[in-house]
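Undergrad: If you read the protein sequences in the order shown, they are chains B and H.
The opening residue of the first sequence carries number 1 in our numbering; numbering runs sequentially from there.
The opening residue of the second sequence carries number 1 in our numbering; numbering runs sequentially from there.
Some hints could be false.
Said to hold, decoys possible - Calculated pairs, DSS-like style, for lysine-lysine (alpha carbon to alpha carbon, straight line, at most 30 Å):
| no. | chain 1 | residue 1 | chain 2 | residue 2 |
| --- | --- | --- | --- | --- |
| 1 | H | K176 | B | K75 |
| 2 | H | K145 | B | K65 |
| 3 | H | K126 | H | K145 |
To be verified - Cβ-to-Cβ under 7 Å is the rule here; a few derived chain H residues that face chain B:
| no. | residue |
| --- | --- |
| 4 | T95 |
| 5 | G147 |
| 6 | G150 |
| 7 | G164 |
| 8 | A167 |
| 9 | E197 |
| 10 | S198 |
| 11 | V199 |
| 12 | A233 |
No lab work stands behind these hints, which were simulated from the structure alone.
Glycine included, every Cβ here is placed at the ideal spot set by N, Cα and C.
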Amino acid sequence: MKKNEFVEQLSEYCEFENKGFNLDTQFKSIEGYDSLALMSIIAFVDEKFSMKLTALQLRELKDFKSLISLIGSDKFEND
Amino acid sequence: MINLEGKRILVTGASSGIGKVFSEQAASSGASLILWGRNQERLAETFNSLEGSGHEYQAFDMTNYALAEQHILKAVADGRKINGFVHSAGIERTTPLKASTPEVFKEIFEINVFAAFEIARLLSRKSIVDPAGASFIFLSSVKGKLGDPGKVAYCSSKSALLAGVKAMALELAGKKIRCNCVLPGIVNTPMTEKLFESVPPDAKQKIIEGHPLGLGSPEDVSNLICFLISDQAGWITGSEYIIDGGYSA
């Protein structure tokens, strides 16, 4: 999966209202980014990367880019 | 202290948490234990910590029901019947509904519900259960009565267990087998540590504050199970016991 596709698919999965997010979009600026969204991100990453993140880890993240770093950039295709 | 002399009790999930503490408490009260769990090392630790004699343990995947049956048949081969069962094994997942596919439900129900009923079915045979009577205890959860976001599969599994145990109690009363459910709130166990990793810190704080008497200890729940297993609870069946430090009040 490419990084931009990741942003798009994750946003779709979490059912964020707005569109057009990019790697630098701050999570806190997203309408609907709440505890249920955190659970959804954990479930999405587990489903796509077989990786179990904790809510505490996610709480520290600022944007999609830092989430990708946490998962591991090597797990993504080049854009 | 509750007297459990002469009791022979099968405990699932005996390698940690409530199952482990109950096993130790029951052994101290005179019972002999058959410990089941997945983790060989931790199960052996529980086994080695037990007072008294006549205990045994088997580390295996209890959803391998053919193997579970073999272990049960072997346990009663010497003529000693089983008169207690505590299903403490269970799994908890925080999964939003959108990720709760049938596979997620199957994984959770397999341990929390299907294994409980299958082992009870095997144990309730005349050739296995003590004709003088037996007590089966199932660890449900207060979440079997209350909802929680991200817990559709877990809550429904614990509710299914609760409903099934009531039906089982009526069906097995003729064999003098009592069946009851214990519904704990949040107890400090390894499973709870995993739960807290999956929820945001503010949600964790909310959960803790939701228990007016604080989070429980495995001993709090084990005390209740010991009573329900004992002959002192001889007129109790088909009942549910919430033990949650006031969480659901």
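Undergrad: Now look at each hint and say whether the structure bears it out.
TA: Hint by hint, here is what the structure shows:
1. Among the hinted pairs, K176 (chain H) with K75 (chain B) is inconsistent with the structure: their alpha-carbon atoms are about 58 Å apart, more than 30 Å.
2. A hinted pair counts as satisfied when its Cα atoms are at most 30 Å apart, and K145 (chain H) with K65 (chain B) does not qualify at roughly 40 Å.
3. For the hint linking K126 (chain H) to K145 (chain H), the alpha-carbon distance of about 33 Å lies beyond 30 Å, and the restraint is violated.
4. A cut of 7 Å between beta carbons decides the hint on T95 (chain H): the least distance to chain B is about 6 Å, and the hint holds.
5. Taking 7 Å as the C-beta cut-off, the interface hint given for G147 (chain H) is violated, the closest approach to chain B being about 13 Å.
6. The restraint placing G150 (chain H) at the interface with chain B holds, with a minimum CB-CB distance near 5 Å, inside the 7 Å limit.
7. A least Cβ separation of about 28 Å between G164 (chain H) and chain B goes past the 7 Å threshold, and the interface hint is therefore violated.
8. Taking 7 Å as the C-beta cut-off, the interface hint given for A167 (chain H) is violated, the closest approach to chain B being about 33 Å.
9. Hint on E197 (chain H) holds. Least Cβ distance to chain B is approximately 4 Å, under the 7 Å limit.
10. Contact between S198 (chain H) and chain B, as hinted, is supported at the beta carbon level, the nearest pair being about 6 Å apart and thus within 7 Å.
11. At about 5 Å, the closest approach between the beta carbon of V199 (chain H) and any beta carbon in chain B falls short of 7 Å, and the interface hint on this residue holds.
12. Because the smallest distance between the Cβ of A233 (chain H) and any Cβ of chain B comes to about 39 Å, over 7 Å, the interface hint for this residue is violated.
In the structure shown, a violation is registered for the earlier hints numbered 1, 2, 3, 5, 7, 8, 12, in ascending order.
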